[in-house]
Amino acid sequence: MRAYFTFFKIRFINGLQYRAAAYAGIATQFAWGFMTILMFRAFYKSSPENFPMTFEKLTTYIWLQQSFLALFMAWFFDNEIFDSISNGNVAYELCRPTGLYEMWFVRSLSSRVYRVVLRCAPILIVAAFLPLPYGISLPIDAATFLLFMLSMTLGSFLMVSINMTIYASTFYTMSPMGIRILFVSLAELFSGAIIPLPFLPDKVHRAFNLLPFASTQSTPFLIYNGYLSGESIRYALLLQIAWLFAFVLFGKLLFRNALKRVVVQGG
Amino acid sequence: MKLWFKYAGIILRSQMQYKTSFILTAIGQFLVSFSAFMGIYFMFMRFNTVEGFNFSEVLICFAVMLTSFSLAECFFRGFDTFGGIISNGEFDRIMVRPRNEMLQVLGSKIEFTRIGRFLQAIIVLSYAIPKSDIIWTADKIITLCLMIIGGTFLFAGLFIIYAGICFFTIEGLEFMNIFTDGGKEFGKYPLSIYGEGILKFFTFAIPLALIQYYPLLYLLGRTDNTLYMILPVFGILFLLPSYILWRFGVRHYKSTGS
Numbered sequence: 475m476r477a478y479f480t481f482f483k484i485r486f487i488n489g490l491q492y493r494a495a496a497y498a499g500i501a502t503q504f505a506w507g508f509m510t511i512l513m514f515r516a517f518y519k520s521s522p523e524n525f526p527m528t529f530e531k532l533t534t535y536i537w538l539q540q541s542f543l544a545l546f547m548a549w550f551f552d553n554e555i556f557d558s559i560s561n562g563n564v565a566y567e568l569c570r571p572t573g574l575y576e577m578w579f580v581r582s583l584s585s586r587v588y589r590v591v592l593r594c595a596p597i598l599i600v601a602a603f604l605p606l607p608y609g610i611s612l613p614i615d616a617a618t619f620l621l622f623m624l625s626m627t628l629g630s631f632l633m634v635s636i637n638m639t640i641y642a643s644t645f646y647t648m649s650p651m652g653i654r655i656l657f658v659s660l661a662e663l664f665s666g667a668i669i670p671l672p673f674l675p676d677k678v679h680r681a682f683n684l685l686p687f688a689s690t691q692s693t694p695f696l697i698y699n700g701y702l703s704g705e706s707i708r709y710a711l712l713l714q715i716a717w718l719f720a721f722v723l724f725g726k727l728l729f730r731n732a733l734k735r736v737v738v739q740g741g
Numbered sequence: 070m071k072l073w074f075k076y077a078g079i080i081l082r083s084q085m086q087y088k089t090s091f092i093l094t095a096i097g098q099f100l101v102s103f104s105a106f107m108g109i110y111f112m113f114m115r116f117n118t119v120e121g122f123n124f125s126e127v128l129i130c131f132a133v134m135l136t137s138f139s140l141a142e143c144f145f146r147g148f149d150t151f152g153g154i155i156s157n158g159e160f161d162r163i164m165v166r167p168r169n170e171m172l173q174v175l176g177s178k179i180e181f182t183r184i185g186r187f188l189q190a191i192i193v194l195s196y197a198i199p200k201s202d203i204i205w206t207a208d209k210i211i212t213l214c215l216m217i218i219g220g221t222f223l224f225a226g227l228f229i230i231y232a233g234i235c236f237f238t239i240e241g242l243e244f245m246n247i248f249t250d251g252g253k254e255f256g257k258y259p260l261s262i263y264g265e266g267i268l269k270f271f272t273f274a275i276p277l278a279l280i281q282y283y284p285l286l287y288l289l290g291r292t293d294n295t296l297y298m299i300l301p302v303f304g305i306l307f308l309l310p311s312y313i314l315w316r317f318g319v320r321h322y323k324s325t326g327s
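Residue numbers (my numbering), protein chains in the order written: chain A, 475 to 741; chain B, 70 to 327.
Everything labelled a hint here was simulated from the structure, so no lab data went into it. This one's a predicted model, so the numbers in the text were calculated from it and none came from an experiment. Hints are not guaranteed to be accurate.
[Said to hold, decoys possible] Cross-link-like lysine-lysine pairs, in silico, DSS-like; alpha carbons within 25 Å at most:
(1) A:483 with A:677
(2) B:257 with B:269
(3) B:209 with B:178
(4) B:209 with A:519
(5) A:519 with B:269
(6) B:257 with B:200
[Stated by the list, open to error] Counterexamples of contact, computed for chain B against chain A with all Cβ distances above 12 Å:
(7) 75
(8) 80
(9) 87
(10) 108
(11) 112
(12) 143
(13) 166
(14) 169
(15) 192
(16) 250
(17) 272
Glycine included, every Cβ here is placed at the ideal spot set by N, Cα and C.
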């Protein structure tokens with residue numbers, strides 16, 4: 475356990491070096507969030523009665539999405555992991571007295587977390603000072619905030635564990651490109667990255683909710699902005715835990731199976 | 070021009086060596102823009118109109134932007150990786166060759182896989198055109214073509230500016246993405262929906278509205294002003310300032326020395 479924690483810390487401190495890139499990223503994300511809000515405002519002006527949530531809840535959702543983008547962006551993969559599988563460097567990793575799955579899990583998680591640590595605070599602070607209804611509002615009470623933190627932790631773990639199955643597939647196919655791009659395009663739609671899931675037609679929304687992608691970013695953000703409450707929070711959290719277990723188990727199986735027949739491609 | 074076709078031929082042949090990967094990437098490109106399309110579709114299932122535009126009208130807008138962006142990306146993608154060309158010293162090699170530098174950068178990368186996205190745009194366009202109430206007279210067809218051509222050159226101009234800035238910063242500026250990818254993303258809807266200020270910005274600073282919002286008004290018969298029809302030509306003129314910036318960058322080029 476301590477080894478993994480240290481490994482997390484190493485990657486994390488390493489990542490914090492890239493501050494300039496983060497500042498440029500903040501400006502882009504801020505502009506992006508702003509344009510998205512303006513787009514929804516246009517729809518809101520056309521027919522406010524069709525809006526599934528209040529406008530403040532929507533802007534809160536969007537700013538959360540921009541601040542924590544790095545935790546949940548589906549297209550973010552560690553190319554070094556793909557390379558090490560296809561060029562055989564994975565052999566070195568296998569020499570270490572640690573589990574390969576756990577190692578890469580920690581590594582993927584930490585490279586997401588350091589990006590968020592660098593970026594989220596400035597976006598959240600500026601968004602908090604924007605006049606309502608354009609800014610981010612506070613959660614209803616402290617309990618909601620704690621549930622949001624719990625759900626976000628589960629969600630980001632789930633995101634990484636879904637990523638791990640994509641990494642694992644490279645052991646079988648050698649070229650990750652096809653499955654990767656397919657996964658990204660579906661995940662973006664299913665997870666509510668393109669439009670928040672409550673904006674979908676009710677039946678589609680209910681169906682998408684059951685998929686693992688909804689448990690990544692949609693659930694925590696909807697808990698924070700108060701769209702989910704009471705019983706439905708408990709249900710959503712249980713679903714997150716179930717999917718997390720399923721994906722970790724599936725990923726570990728894939729890894730174990732792959733490593734049994736791993737062929738290291740030359741030196 | 071002949072040289073460019075030679076470059077294109079070589080790249081096409083090299084990409085065709087990995088046929089499966091090529092096809093899968095093209096399909097992926099198709100799917101990526103498909104989920105963007107689904108986003109619009111679901112929004113219009115809930116809201117019937119946005120600022121006076123209905124689904125098929127927005128689709129025309131979306132298809133025009135997608136077509137121009139995919140064309141520009143296919144042929145001008147070389148500029149997108151320009152930061153890499155500068156920082157690894159590749160540009161020194163380009164400079165010593167007795168050919169135009171721009172042509173060589175263009176020839177360094179041509180993304181034929183964007184055909185997937187292009188295909189998607191064509192499908193959406195052929196769905197939206199009969200569905201809209203536009204009576205397709207010659208001037209409307211010309212307007213549509215001008216929009217696509219103007220859009221392609223406008224995005225090309227943006228890619229060139231992106232590359233031109235690299236001369237000074239060595240690295241690509243992530244912020245430019247808001248104009249290139251952002252332009253594609255937010256250009257799905259007529260730019261007027263974002264409000265007066267944003268529309269002004271995209272008219273005078275980055276002339277995206279000239280190839281999108283104004284000619285669209287003419288296309289939909291909301292205005293008879295023929296000026297709106299030829300506005301996309303200014304999208305082509307946008308190449309001029311970007312070319313100047315590029316020349317300026319080349320003259321100030323200092324090798325990174327690696």
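Results of checking the hints against the structure:
1. A:483 with A:677: It is violated: about 43 Å lies between the C-alpha atoms, which goes past 25 Å.
2. B:257 with B:269: holds, 17 Å
3. B:209 with B:178: violated, 34 Å
4. B:209 with A:519: Cα-Cα ~30 Å, so violated.
5. A:519 with B:269: Holds: residue 519 (chain A) and residue 269 (chain B) sit about 20 Å apart, inside 25 Å.
6. B:257 with B:200: holds, 17 Å
7. 75: At roughly 27 Å from the nearest Cβ of chain A, residue 75 (chain B) sits farther out than 12 Å, so the non-interface label holds.
8. 80: For residue 80 (chain B), whose nearest Cβ neighbour in chain A is about 17 Å away, the distance exceeds 12 Å, so it holds.
9. 87: Violated, because the least Cβ-Cβ distance between residue 87 (chain B) and chain A comes to about 8 Å, which does not exceed 12 Å.
10. 108: Violated, since 4 Å does not exceed 12 Å.
11. 112: violated, 6 Å
12. 143: holds, 17 Å
13. 166: Label holds. Min Cβ-Cβ 31 Å, cutoff 12 Å.
14. 169: Answer for residue 169 (chain B): holds, closest chain A Cβ roughly 31 Å.
15. 192: holds, 16 Å
16. 250: Violated, since 9 Å does not exceed 12 Å.
17. 272: Holds, because the least Cβ-Cβ distance between residue 272 (chain B) and chain A comes to about 16 Å, which exceeds 12 Å.
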